[in-house]
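Trainee: Just so you know, the sequences run in chain order L and B. Here the first sequence is numbered in the working numbering, starting from 1164 and rising by one per residue. Here the second sequence is numbered in the working numbering, starting from 1164 and rising by one per residue.
Rather than coming from a laboratory, the hints here were simulated on the basis of the structure. In this text, all values refer to a predicted model and were calculated from it rather than measured experimentally. Hints may contain errors.
Note that identical chains are pooled: a pair holds if it fits in a single copy or bridges any two copies.
What the hints assert, rightly or not - The list that follows gives simulated cross-link-like pairs (lysine-lysine, DSS-like), each with its CA atoms no further than 30 Å apart:
1. LYS1301 to LYS1188
2. LYS1188 to LYS1274
3. LYS1253 to LYS1360
4. LYS1360 to LYS1330
5. LYS1188 to LYS1253
6. LYS1332 to LYS1401
Protein chains: 2
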Amino acid sequence: MTSAAEPVTAAILVIGDEILSGRTKDRNIGYIAEYLTAIGVDVREVRVVSDVEEEIVAAVNALRARNTYLFTTGGIGPTHDDITADSVAKAFGVSIDVDPRARAMLLEYIKPEDLNEARLRMARIPAGAELVPNPVSKAPGFWIGNVIVMAGVPAIMQAMLDQVAPKLKTGRVMLSESVRADAREGDVGGPLAALAKAHPGVTIGSYPFADESGRPNTNLVVRSREAGLLDAAVADVKAMLAGLPRR
Amino acid sequence: MTSAAEPVTAAILVIGDEILSGRTKDRNIGYIAEYLTAIGVDVREVRVVSDVEEEIVAAVNALRARNTYLFTTGGIGPTHDDITADSVAKAFGVSIDVDPRARAMLLEYIKPEDLNEARLRMARIPAGAELVPNPVSKAPGFWIGNVIVMAGVPAIMQAMLDQVAPKLKTGRVMLSESVRADAREGDVGGPLAALAKAHPGVTIGSYPFADESGRPNTNLVVRSREAGLLDAAVADVKAMLAGLPRR
């Protein structure tokens, strides 16, 4: 990992009808978002699209154009509805075929007599792509341009992300501190807006929750890449909270 | 609810930095997707964007233009980072101000002396919008054009969706049947592709999972709006599975 001066950004593209129908509940977005944030890559946007080539191509091209990286999940299995690799090849305008390196990886897991046409789909890799090893079940993901294509099964996706992370360009990590307000969100909203304005380089988020006794409470999350700015804003937030009328 | 001949489609837009940073794990996408699918509304795409006006405006306009409905969650609270209502007004090119109906709703929950400027933000509603009542904490959502704006807190969002659902135009419900293959995905992939081609009007998804004894297994999900087409495809899927070599 190298640390860049400019923010390093990412988008996430989740591919699959089963997410859009609600049959499968996505568990990858939150995992990838938290992981990338922790290493200094800002996730700027997320999309979920169906297993339709033109939708995938359009989303890949829109998201890769305006982010440092695009991470995709899903659609790289052995069945007819797994069209991610072909769609990504189309988005890049490159050819796609069975990759001998990927075929060799499959043969570490699959007996040669079982390597049928369906399983060979999992070795179809766009021309020019690097492979992303899959320590769980061998069928690899791949990395082409700034697009990293991963499996949809969470355990496999997570293993692939671990392979990729050390090679990513990263920015300065976003620091954050959470302050429990012990106040209702509507009571901190006014002073908080003034504080946010007074602290450029810092963002302050406000998240209501019900506390142990069921009373409305609020978490304030202060974020900055600069430790000094963060500390100053947190100090002001705490002073503001101390000045609120006791409830 | 009225049933239309054409598919009724929806997009979901989740608004909030806390989702993109991974601090908060989204629980709304899967809920809304499953809910809408069950009543005959097809979710075609999902996006998550940050609390930045131009991002919200662009996503609202892109998604409302090509879907019957757009459902948004998040960003309608009392703090400075809650900018969804203003952004939606901007997307529609209409004015926004404190709505007397929404103000009256807030006063059912909040004492008049507590109705400060921050809380009044929650009564800011774009001109021409219908309110969506909030039985949990009163601050309403709203419905403008084909866009339905809901809270991000799951319990409140769910209550709002219950209010809205009876008024939605709905299509024919997508029927689905899940068949446990008791086979590895790579062994069903070939015959399944042929079956999918032979059954227009039906989609067949394939989802690998590890069964009780840890062996790779596959769920096949057959979907169609036509009961007859569904039954015929399911019968063919079962016959195909029965013809596979025993493992």
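Trainee: Hint by hint, say whether it matches the structure.
Mentor: Status of the hints after comparison with the structure:
no. : hint               : result
1   : LYS1301 to LYS1188 : both (24 Å within a copy, 29 Å between copies)
2   : LYS1188 to LYS1274 : neither (33 Å within a copy, 40 Å between copies)
3   : LYS1253 to LYS1360 : between (45 Å within a copy, 22 Å between copies)
4   : LYS1360 to LYS1330 : neither (37 Å within a copy, 41 Å between copies)
5   : LYS1188 to LYS1253 : within (28 Å within a copy, 32 Å between copies)
6   : LYS1332 to LYS1401 : neither (35 Å within a copy, 49 Å between copies)
Hint violations for this structure: numbers 2, 4 and 6, all remaining hints satisfied.
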